[in-house]
Structures are given as structure tokens and as C-alpha cells.
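Novice: Protein chains in written order, with the numbering used here: chain Z, 1 to 297; chain G, 1001 to 1438; chain E, 2001 to 2283.
Just so you know, the hints here were simulated from the structure itself, not pulled from any lab data.
Mixed in with the good hints, there may be bad ones.
Claimed, not checked - With a straight-line cut-off of 27 Å between C-alpha atoms, the simulated DSSO-like cross-links for lysine-lysine are: (1) Lys1422/G / Lys1224/G; (2) Lys1340/G / Lys72/Z; (3) Lys63/Z / Lys1422/G; (4) Lys63/Z / Lys1224/G; (5) Lys1190/G / Lys69/Z.
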Amino acid sequence: MKIHCKKKSNAAAFLFMLPAVIAVLFILVYPIIYGVCMGFTNRLFSYEAFSFIGIGNFVDISKDPLFFKAFKNTLKMVSCLVFFNTLIGFVLALLLNSSERYIGFFRTMFFMPWILPSAVVAFSFRWLYNDYYGLINHMLLRLGIIEAAVNPLAVENLVWPGVVIPSVWFSYPFVMLVMSAALKSIDRNVIDAARIDGASAWQIFREITMPSLRPTLVMLVILQIIWEFSSFDMIYLLTRGGPADSTLTLSLYIFKRAFEYKQIGYACALATVMFAVLSVFIFIYFRLSQRGDKDEG
Amino acid sequence: MSRSKRALLAIILIFTMLLSLTGCSKTAGGVDGGKKEEVTINFSYPPYGYDYEKEMAFWEKHISEFEKANPGIKVEFTVESWDNVYTKWDQALETGETPDLGYDCPITAVDYALQDKVLPVTDLVEKLGGAKAFNEGMQAFSANGEWYGVPHGDASMVLIYRKDILKAAGYDNPPATWDELVEIAQATNKDGVSGFGFFTGDGYQSSQVLTGLMMAAGGNMIDKDGNVALDSPENLKALELVDKLYNQMKVVPESTVTWEHSDPANAIGLGKVAMSVTWGGYGTLLKDMFPEEYENIGFAKLPNGPSGHSGSWSGTGGFFIFKDAKHPEEAKKFVEFMSKPELSKEWAMISGNVSPFVDITNDPELTKHEWYRAMQEQSPTQITLGWGHDIIPGDYMCDTYFAQAMADVTVNKKTPQEALTKLHQMVEKTIQEANAKK
Amino acid sequence: MKARVRKRGVKSMKYAGKFMALAAIAFIVWLPIIVAVVTSFKTRSEIVTAVPSLLPESLNWNNYVRLFRVMKFGDYLMNSALVAGFTAVISLFVSSLAAYALVWLEFRGKNAFIALNLFVYIFPQILLAIPLFLMCYGLGLLDTRFALVLTYMSFILPFGIWMLKNYFQTISRELVEAALIDGCNYFQCLIHVVLPVCLPVLATVLTYSFVLGWNEYMYANILIKSDSMRTVAIGVQTLVGNHGADFGLLTAAAVVMIIPVIIFFIAVQRLFVGGLTMGSLKE
């Protein structure tokens, strides 16, 4: 019986995994390998002829001040975004984790920002921020809080908050969504039992809720770090790299190099560096989590 | 086991359903469905006008007229987005599945031609009257004795200004020279109004402003021998002017770093800026945008620089035919149809561009508009990258370096000479690389 | 007696307080959306004016009328619905299959697959566009909705699989084994036993997939050539890069674009509330 099931198990495993494997290979095998290989060439956009230049691009990258600036900016942005997204998403998910009648309505309301196309989000904020016809400046001037209209996207001191706010606004709903689902998965019986035993809300949160949410939280943070690293839409639409490259992130820099400077080879090399950095990160995470599993197991 | 098989069947079923979705799409894909004699030409068009609705109405109306007059020919009209039109065209070229017709400025058409990706249309241009039938600036569509684009709309950046603000400062006329520009900018820069606003960030629009200034200063991008000639005293004057206006006199608003597209027109309409640089075509929108102010808004040719003449970036649009076009002859027919005098006149008004035909361009119905006259006057001094010489491979890739030079002087606080030297080096390197690939 | 009344009073105050807090947050969150919606009803001169106001002078439906005149927005909506719908359903299906296999079936290469999955996300999407285009061309998939569904699915899977896998791991093994003993069939087990317990997670993956399929424009722009195959995301994008910057038209398009997604999300809401909590077998 056992051997029979093992065979079925292998066959089933194959069938079950097949579509997913195909899809992943679809993206991974040709496109990414193509991209990485391009990094070793000096290909220019729309010119077919190109030659392999070995590690030439990578040497240039190590001497490129903009690369380091972009990298620093990316780290800054990723940490800001992941922190605020997770905080706000988590808090809102907690607030929404009850069963009052109006909760469903608010859940839809809070989820809205994510549904908007990024172009419209960027447009709305640019309109709000504008120093000539924007609402925010108008209000602040009227209330006497500021003396002259200022467009935060044009000023280096203000551009980071100016960019982080729309980005967080746009992406916290995802965290909220995932945390909501995770909260729902916590067994109510356990919580009720604890409450009957006289545990306070804080104790329940600390001893029951948080531990069961930990895997989800960790997964969310990892995914967000990876996503925000390559995120490009919002910054491009808001500042295109910001006054004096102050909001230039790595993915934006890659875009510029590829489509504005037309240096596809160099851009692919940059992408490969980013790929390598994140690979190391993923590798370290998996090593740590495996070791963690071994400890618990 | 049979149930797992059923699962597999379900998966296969779903995939075949999807494939049938693709099947439905193929016939609509603009490929000849095997119908006898019916030919479909693909026309790929990025929006060259300012009023999307009117533009679309124009094309649709005349496309159906053309189809009626030419039974057996259909035109599939695809509007592209400026954000990715070049990516699309380049990818299409890589696979050989290109549209028949494209539409863009001279530098695109000629650059493609130099890479042998676009067909010559000299015969069509001759049919329409030859080079002398077109405005001077339209020659940009030709290279090495052949024409590669058929001009359709002549456009340049011009000066846009507030008549009332200038008058209040004591000036009845817009600046005719750089000295006057500086003077008026200074005089009008008060009470919440900035003297002169223009694109100062590192987007491509800044490169358009800077190249115009360089031309007006008497500089070239490429000299007659084909060498990059950017690091010259003339071009330096252009960057020095920017430095003076932005850093020393501070008559340029800080927010210009974020300006895009219609922001100069907006700034003028709102009275926040006394003068600016933008496409004359915005003249067609002013009544809608600023119903109360539009009479105070004026257009003029850009002021003359130290060279004694003006200079402006060319936004001229024209048709070009891809080399892999399936139906080039029918495409040419369509272009000929769209180049009829009445249509040219109509297009000028709708698109906010000047008619490229010498015979039509002075039509009183067109020249009665100030924005039109300003662009007309500007037309002979319009340039594209590579100015000073024929367009050569790699020119169009240098857009970003000019924009960078502008940003270097304004926000990055570099000296004009530093910015210029860097610009020269980057452009030289790019052109070398592009030419090495021939 | 008095104590109980007081408790009830305090509770209803907490109720009201929470409601007020949520309402305030909702207002702040909705401000930019209100800006976008309201702009769609404004005339050109109202959008760019020295004295901006939130509300338009009158409810001007002109932009919406023009929108459908100016582009084949109806066709685009249909295409988007097909693409997003199929993407959502198929992604969920494939993700749950893979997650099931990863959690309860034994085979080699599990960890390798999980790690490989994440690699899909770490190469910038913009550069993948060119090779993806060439690949689709080679497979004859250009200009088809299927190509989009396949592409989107590839990007959703890592998230979907990871999400479902995490959740499946919290389901008790005994429950699964009990089902299996009744007939050694994994597929039925998945459909009838595992999934019904996971409704909130299913809703999450469905929503994520649908929104991605609906809003995504970069690959849609690249893989779709003809106008009749375009999705709404491309339609809106075409309006963004326009000289005239017709904000009214753009926001009208955006409003039309998000309504189906809101409807989808409301429909899926119920799955969040549902979900049998048979998560653990406490015998």
C-alpha cells in the first residue's frame, strides 16, 4: 500500500508542480539569462550590432558615482517603504479584525489606493503638490502656515517625504490584505480559551497573535524588500529621479541607462549586479530560516 | 487515478480555451485574412497634436474618406503612447513585423534610414513638388540626397509671454534679443511673478530648450567635417545664459525642475511667470484652458542670440515607411492623400502645427493666429540633433546628455564650462560607438 | 445592575470611537482618490487654475462621453476583463496545486524550487521586456491575450505559492491524512478539504492576481500590437504621455478603469468573512 502510494505521490507531485514550473521557467530561462548575458556586451538600443566586452561594464559600474548614489537611495527608499507599509498595513489589519457590520465597508475603503493605476496616483499627487495650482499649497497658504508656495518634488529637502508618502499610500493595502487573511487564520477557540482564563488583550496579542503571525510577517517583509528594490513606477512618474538625482533609485537608473542613454549593455550589467545582491540576500535568508527550522524541529 | 487524469484533462481544457482566445485575436491582428485583393496598411502614430479628441476625429474622418476613395485598401490606425513608442518600433524592427507607416520627427526617420530600416520616399516628395515645395526646415527629413520622410506638420518651440505683465513693467514688445530677454526678465521678476521659466530638469524637454539656445548662440553640434563641436565658446554662451538666469538673477522658479509638457503654458496662463518657452501649438488650447486670460497671452519668435539669429528645437512631424512594410505602395498612396492642400490646412489648425507646404503656409486663415505666425517665423531656425551637419548615426541618442548639461548648470551647480566639457565628451563617445557599429 | 449599564455605555463609546477613527483614516486615505474622481468632472480651465478647489462647479459628464468617443474603451474593458479574470483563476489554480505539492507531497528539489521562485522577482522587469517580447514572437504568441495571462501568471506564482504554502502549513496534517485515507487521491483532497478552509487566503491571491492583470501596462504595451487587443491599462497610459495633458480625460478613464476592480473586490469580500475555522482537529 505504501509503495503504491509513493508512486502515485511522485506522479501527482509531477503533475501538480508542472504548470508552476513551466510558468517560472518561461520567465526565468530565456529572459533572465538573456538579460544577464547582455550585461557582458556593449549593446546600444536599436542597434543590432554589438560585441562582447567581457567584464568591461562591471568595471565601469565600480567606478560609477551615480551607481553608488542610486544604490544608497534604493536602500533608503526600501527601508522607509517596508517600514511604513508594514506598520500601517499591520495596524489597519488589526483595526479591521473584528466583526462589526461596517468593517467590510471600511476594508474596501482602505484597500482602494492599491487599485488605482500608478499613473493616476502619480498624477493626483503631482496635482496636489503643485505650487501653482495644487490644493495643498493653496490650503497651507490660506491657513498662513507657509509664506510662499513650494513644490516638494522640486526641493531636495522635501522630495523624500514627497515621494515616500504616495508610495506608502499606494502599497500599504497589500500588507493590510495579507495580514487580514493571516489574522483570520488564527484559531478563535484558542483566543477564546485564553480570554476565559483571564488573559488581557495585550497578553493575548503577545503570546498568541504575534507568534502565529510571525511567518506571515517575515514573508511579507522579505517580499516587500524584493519588490521595492525593483519598484520603479512611482518614482519615475513623480520625479523621474528627482532634483539632482536625489531620488534616483537603482531600477530608475537602470531604466535611464537602457531607454534614455540607450546603453542596454550597461543597463543589463547594472541589473545583473542588482540581481546578484538580492540573490545573496535571498540565500542568506533561506540559510537562516532553514537553520531556524532545524532548531525548532 | 482516473480522477487525476480528469484533473489533467481540465488543465488541458483550460489551455485550449485560452488558445482559442488567441485564435480569435489573430484574424484581427492586421494580417491579411486571405481576402482577395484587400490590403491593410498599418499606421503607427504617436500623438502629435494637443487636443486628443479633435486629433482622433481628424484621422478617423480622413481615413474613412481614403478608404472610400480606394476600395480594397484599409488603414489600421494605432495610436501609440510617447512613453514607449520607440521601444515598440525597435522591437518591431527586430522581429521584422513592423507597421507600414510610422510618424515622427526628422531625426527618427533619418536615423532609421541610416540603419537601413526605412524606405526612401524621394519619389513621393517629388510628386508633391520636391524640396522647394516645402518650408526650409523640412530639409531635415533628407539625408545623402534622398528623402526619408514626408513632412506633415512644421513645429518649433517659441516664446510664450504675458502681454499684460510685460506692459505693466513698461515693455510693449516681447524681447527680440538675449539682452532684452535678460532685461525684461529682471524687470518683471517681482510680486510673486518669475521673469522667465523654462524646463530645467534632466528630462528630454530641457535638451530641447538648451539646443535652441546653443543654435541661437551660433554654436554647432557637429562641424562640417563631421566632428563633434560642442565645446565651443558659442555653445558656452548658451550655458552661461542659463547660469545667469537661474543662479545669478534667480528669475527662474525652482519648480521648473519638475515641469513637464503643459506646465509652461500653465504657468503663463496662471500669471506666475512672465515669459516661457513652449510649443506654439498650445495656442489652440488656450481658450479652453484659460478662458479669462487667453487674450493676455502672446506668442513670438524666440529672441536672437549673439549669432544674430534665433534657434529652436524642431517638433516637425512627418510620415515614414518602414523597410519591412508589407504594402509600401499603398502606404505612399495614403500619405499622398493626407498631403492634399485642404487637409494640410485643416491639420494645421487641429494639431497646432504649421503647414509644411510653402504654398499653403501663408494662408491668411492660418496666419491670423499669433501662435501660428510665431512658429512660422521660427521655422527657418529649427534644428534637430546633429545640427551643423547631416544627421549621423548616434545623434538621437544624445538627447539625455544635453538635458544633463542643463541640469548640471541649474540644480547640480556645476560651472557652465564643466557642464559643456562633460557634454562634449559624452556625445563624442556615443557617436563614436554608434558609428563603429555600421 | 448599575455596573452592567456602565459597561455597556463604555462599550458603545469605544464602538463610536473606533468608528470615528476609521472614518477619519478613510477620509485621509481617500483624498487623492477624491481628487482624481472630482477632476474627471471638471472642465479644462477648472483643473489648472490659480485658485484650486476640490469640487467642480458643476457635474460635467463631458469627459466620460469623450472618452468612449476618442478610444475604443469598451473593447479595452472587455479585453482587460478577460485577461484579469483568467489570470486570477488560473494563477490561483496553479498556485494551489504547487503549494499542495510543496507542503504534503514528497519529492526532490523542493527547496530549490522555492528559492528559484523568488528569483523571478529580483531581475528588473523593464529589462525582461525585450527578451520576453522575442520569446513570444518566436512562439507566435504576440498580440494575444494568452501571452499576457501567461506572463502575469509567472509573476504572480512566487507570491501565490508562498502565500498558500505558508497557510497550508498551518492546517493540521491529520485533517489532510484523514481525507487521503478515504481514497488515495490528492486532487480531491485539495479541492474539497484544503481549499474551503483557506478562503481568506484564496481571496487574497485572487485579488492580487486580478488587480495585477487589470492594472499592468508595461508588458501589455509590449506584447499587444493591435488596437482591438488592448487593455484599459494601455488606454489610460496612452493618455498620460500626451502633450495636451488632458487631465479630465485621464481621470475619467481612471475612474472607469477602477470600477470593475471595486466590484470584484466587493464580491470577493465575503470570502474574507467566511472560511470555516476547521483549521485544527481538536479531538
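Novice: Indicate, hint by hint, whether the structure satisfies it.
Specialist: Comparing the hints with the structure gives:
Note on Lys1422/G and Lys1224/G: the hinted pairing holds, with a Cα-Cα distance of about 22 Å set against a maximum of 27 Å. Between Lys1340/G and Lys72/Z the alpha-carbon distance is near 57 Å, which puts this suggested pair outside the 27 Å criterion. A C-alpha spacing of about 16 Å is found between Lys63/Z and Lys1422/G, which places the hinted pair at or below 27 Å, so the restraint holds. For a cut-off of 27 Å, the pair hint linking Lys63/Z to Lys1224/G is broken: about 35 Å separates their Cα positions.
Between Lys1190/G and Lys69/Z, the direct Cα distance comes to roughly 37 Å. Violation of the 27 Å bound is thereby established for this hinted pair.
Going down the numbered hints, you'll see the structure goes against 2, 4, 5, while the others check out.
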